[in-house]
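**Student:** The primary structure of each chain is shown beneath.
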Amino acid sequence: MSFWNDPLKVAADWLEGVFTGWGMDAVLSHVLVAFLGVFLLIALLMVLDIFLVWIERKVVARFQDRIGPNRLGPFGLIQPFADIIKLIIKEDTTPSGADKVVYNLAPILSMMSVLILWAVVPLAPVVLGVDLNVGALFLIAAGAIGTLSIIMAGWSSNNKFAMIGGFRQVAVMVSFEIPMLTMLMIPTIYAGSMNMNAIIGAQDVWFFILSPLGALIFLIAAIAELGRAPFDLAEGESELVSGFNIEYSGMKFGMFYAGELLHAFTFGGFWAILFFGGYRFFGLEQVSPFLAILILIIKAMLGYWVIMWVKYTMMRIRIDQMLGFNWKFLTPLAFALLLVTALMNALLADAPTWLYALGMFLANVVTGWIALEIARSATRKEREQVEGIKTPVEAHH
Amino acid sequence: MVPLSWYLMFAAALFSIGLFGVLVRRNAVAILLGVELMLNAVNINLVAFWRYGDVTAMAGQVFAVIVFAVAAAEVAVGLALVISVYRRRNTVIADELDMLKW
Amino acid sequence: MTAQQIIFMIVAAYTLGSALMVVTTRNLVHAALWLVSTLFGVAVAYALLNANFIAVVQVVVYIGAIAILFIFAVMLTRKDMRDSGPQMNRNWWAGAIVAVLVFAGLAFLLSGWSGFQNTAAELPAEFDAISLLGEALTSPQAFVLPFEVASVLLLAALVGAVYVAFNPTKK
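Chains as they are written, first to last, in this note's numbering: chain F, 1 to 397; chain G, 1 to 102; chain W, 1 to 171.
Pulled out of the complex, with its shape left as it was, chain F reads as follows (with noise of 0.2 Å):
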């Protein structure tokens, strides 16, 4: 065993040696040795949030036909620090009639629901935080410190806006958390566990490949978890003004902000785990783990870009219709595609691997083509009946 080879464990057992060393008990030495990797993680993770906010930036201002930021620095690489410095010195206000001990905690609970999901993302076979047995749960736990987070931001603030926006986006996290919480079974029936590294361990073929139709419904419950657009109604910035954040200022919507970017790196990263193959790249990740975390980060940027993408290029959609679309449409097709997955898995038991994928694929085609085939027909006859070419009686009273 070398660096190379599992850097995590080889560094963890120098420092638990030098703290011995200097005659600290073993079991202490091994729980401060636990802490600085929390902290060194953390610490990672903000520095790439900074760097985040400067990729949102550059890739926004290519999709609206911009330059983006180019003045400080290289490529404008600076320009997120000034926007820090900026965040900083800015008067952090606490709106008069606010409950001042929850309007404080929400932002810190906002980004500890992001941080937290970290502790179960595999990085690299052996540089993971915990190999929880059931991580893709875990996933939906942060979820909900992040609905809370957001209705207690809502609440607390002491505004009709931003209590519009907290309600609006817990029904939404709430409704849209089901469909998520039915696509992160079907890795867990490909693989058979909802440990994250045997999810990983099992994309012989990628999932993608297997459930293209659940990696889509998983990314549009995604977002619209994150309360990106086309799914911002919590923000609204044209009817909300800002919605749930509004009487935030300075730092503690700079928290709210930057959690919002790093949750939809994580979700990109979480979307490449559950059906990207996480680091696996062609036994590229076994060479070193360090290869495995760039293949990881690789393909959580690839997915991130997929999220900013949709941002970018979609119009935001009314409340009704949102909650409409998940309740009658996705919750059950991704009801629907749970039960084919879990039957054809059960028929193709024994099956050889591209048996299995092909049968898999086909019917997740179907699948698809068939909601869709419903969803147009019901389409139509709503149509039909708001534009009066046959309008039933019962439709007028």
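Please note that the accuracy of each hint is not assured.
[What the hints assert, rightly or not] Heads up, simulated SDA-like pairs for lysine to any residue below, C-alpha to C-alpha not over 20 Å straight-line: (1) G:Lys101 / W:Asn89; (2) F:Lys328 / F:Leu219; (3) F:Lys160 / W:Phe72.
Worth flagging that the hints you see were computed from the coordinates, not collected in a lab.
For chain F, the structure is supplied; the task is to place chains G and W on it using the hints.
**Tutor:** Same frame as chain F, now just chains G and W:
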């Protein structure tokens, strides 16, 4: 190692606090909060018995899962009733909901 | 005291303190938020008992759904955001006495039980509680019937909640 008695005492204390809430609170939503505490206390006991007994017999965890489902159902119906009552009587104070008394 | 015992003590004190705040706080939104804190403490207790799945489900179901529902209900059933009037009964002291008596009774009953001071055996190596739980929930020899009944109950509760809370005057 923590002995089983600690968990049982912890759960009993949580149950009593929940019972206190159910008995003394006037607001119907607050009464339901107390019921949640009591259900959680029961769940701690179930999981503790699973861990301190035969860990390959999953009855404790299964019961805990079913208590989750029952708690979710109870809260959904209970809060729907509270909201419905509020809409009709404009109050959620349990003492004032006395139409069946006379 | 071992490290595990110290951690248990901290978790238990934190959970019970939060639970006390739930039943005594005047502001009901705060009470709901204290409930979240209590539920989180209980989830940590599950984790201490090596029940990972139950701990995560506790966070998903209780904090993600039930606590949020409580906060919604509190906000929907108040004309203004202030709390008026007393939050407790006139005879709250009787409730306190009953609660203390129940605790004393439970403690007395439990302490007479032979397994009261049991300690847990080490978990066997490669012990996978989740697959055992999954098999127990779906095996006809075990708990498939209660599991199905619970899902029917959830469906009935879903329909019932929508029916009860539905406002027929708005059309």
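**Student:** Next, verify each hint and record whether it holds.
**Tutor:** Going down the list of hints, with the structure as the test:
1. At roughly 18 Å between alpha-carbon atoms, G:Lys101 and W:Asn89 fall within 20 Å of each other, so this suggested pair holds.
2. Distance hint between F:Lys328 and F:Leu219 is fulfilled; the C-alpha atoms sit about 18 Å from each other, no more than 20 Å.
3. Distance check on the hinted pair: F:Lys160 and W:Phe72 sit about 15 Å apart at the alpha-carbon level, within 20 Å; holds.
The earlier numbered hints are all upheld by this structure, with none contradicted.
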